[in-house]
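K.L.:
Keeping their order, the protein sequence lines are chains A and B. For the first sequence, the working numbering begins at 998 and goes up steadily by one. For the second sequence, the working numbering begins at 998 and goes up steadily by one.
Quick caveat, the hints were computed from the structure, so don't treat them as lab data. Watch out, some of these pointers could steer you wrong.
Note: identical chains are not told apart, hence a pair may lie in one copy or across any two.
[Claimed, not checked] Below are the DSBU-like pairs computed for lysine-lysine, each with C-alpha atoms no more than 35 Å apart in a straight line:
| # | residue 1 | residue 2 |
| --- | --- | --- |
| 1 | K1205 | K1135 |
| 2 | K1205 | K1084 |
| 3 | K1063 | K1205 |
| 4 | K1084 | K1135 |
| 5 | K1135 | K1158 |
| 6 | K1135 | K1160 |
| 7 | K1162 | K1205 |
| 8 | K1063 | K1084 |
2 protein chains.
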Amino acid sequence: MEEIKLPGRAPIQFYFDFSSPYSYIASEWIEAVAARHGRRVQWHAVLLGFLFQSTGLKPLVDYPVKGEYAVRDMQRSAAFAGVPFTKPEPFPISTVNAARVFWWLQSQDPQRAAGFARAALRAYFTRNVNLGDPAALKQLCTDSGLDGDAAEAAWGDPQWKAKLKTANDDAQAAGVFGAPYFIVDGEPFWGNDRQQHMEAWLQSGPPKGLN
Amino acid sequence: MEEIKLPGRAPIQFYFDFSSPYSYIASEWIEAVAARHGRRVQWHAVLLGFLFQSTGLKPLVDYPVKGEYAVRDMQRSAAFAGVPFTKPEPFPISTVNAARVFWWLQSQDPQRAAGFARAALRAYFTRNVNLGDPAALKQLCTDSGLDGDAAEAAWGDPQWKAKLKTANDDAQAAGVFGAPYFIVDGEPFWGNDRQQHMEAWLQSGPPKGLN
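With the rest of the complex left out, here is chain A (with noise of 0.2 Å):
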């Protein structure tokens, strides 16, 4: 018998940065999403700061005024999502480390690199965790069940600074240029406020009248 193909259950292929606070919301409401939706999702760690460089852009807190509203509108956001939130100090942070024992796990075990992603989210965005201080994240490592030291030799291993760079240039070569940015069969959204969107879109395609 041959086998069912089931056009449009690709994986969503979810995009974050481990200093972005709106990653953090949406990383607890993700799986749940695709769950609903019958999809598996594909979790990439980038760096924000790499890909500001295709736009121009900077961090949403270095801009006067907006920056201003931005920590607002954090804070409301996380709390209609029912998400706990404390904004961390200091903010932003570097990335780079976390990111790359992201990568490490995920050569071994998708599920755990994904597992790891929400627990360091967490860690940063609700108990001020600094994931770009080394001791820090060796803590978090071992607080999530993982080896410190082969936590530590990983982020400091070429081949995974190799792998987040190719990370890197993948999400920019898709036109990933912010975070969270998801795609879903071809079709970007960005922004945790896309939650209902991509929602609608995974339901039913295209709105009507959407060319």
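On the provided structure of chain A, position chain B as indicated by the hints.
P.N.:
Coordinates of chain B only, in the frame set by chain A:
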């Protein structure tokens, strides 16, 4: 008998620019949202070019990569909102004259000014009527039941030039840095995509967990 004071029934402040696609989409739902919650809407025509000075930002479509995404997103957002939309060309345009006509009308009859705003936004974003072209704007005014000569005189009148300048200054002082921008009882909401947060706020106030 003393008048009963209804706290929290201040009008929704709605800031828009005639060349802002997301302002156009919001202009199609803002009155219905206000009506559902027993509010009025106070419309404010402003110039994004002026407000961008606060943040150092520029028009969305001027950013590479993000600009291309934005065009897709505005079309998709309109479709999801059930609002007809055709990306105009040229875009963006100068909206200074249209904004002065708005404030001239607003001084006489705020309802009529809001009606003109809706008609002008629809004309630009569905029929490619270039509001930056004096002849096209005058024709639109006539088609909207205004005295075209009086409208033309208004946009050249120092009184309405000054009024628009004051409106921009007031918006900037209120923290407005983009459009559409809404203020509900002191709480700011930026973007067409904040409709649901604003409605939830109008219904129940701050979400649980927000300080």
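K.L.:
Please sort K1135 with K1158 into within, between, both or neither, judging by C-alpha distance up to 35 Å.
P.N.:
The answer is within: 17 Å in one copy meets 35 Å, while 61 Å across copies does not.
K.L.:
Checking an output row: K1162 and K1205, CA cutoff 35 Å. Within, between, both or neither?
P.N.:
This pair counts as neither: shortest intra-copy Cα distance 39 Å, inter-copy 40 Å.
K.L.:
Between K1063 and K1205, at a C-alpha cutoff of 35 Å, which is it: within one copy, between copies, both, or neither?
P.N.:
both (33 Å within a copy, 24 Å between copies)
K.L.:
First find the shortest C-alpha distance between K1135 and K1160 inside one copy, then the shortest across copies, and answer within, between, both or neither for a cut-off of 35 Å.
P.N.:
Result: close within a single copy only, 20 Å intra versus 59 Å inter.
K.L.:
Under a CA distance limit of 35 Å, which applies to K1084 and K1135: within one copy, between copies, both, or neither?
P.N.:
within (22 Å within a copy, 50 Å between copies)
K.L.:
From the Cα coordinates, with 35 Å as the cut-off, is the pair K1205 and K1135 best called within, between, both, or neither?
P.N.:
between (49 Å within a copy, 33 Å between copies)
K.L.:
Within, between, both or neither: how does the pair K1205, K1084 come out at a Cα-Cα threshold of 35 Å?
P.N.:
Between copies only: 16 Å across, 39 Å inside.
K.L.:
Is it within, between, both, or neither for K1063 and K1084, if the alpha carbons may be no more than 35 Å apart?
P.N.:
both (16 Å within a copy, 26 Å between copies)
Of the hints listed earlier, the one the structure fails to meet is number 7.
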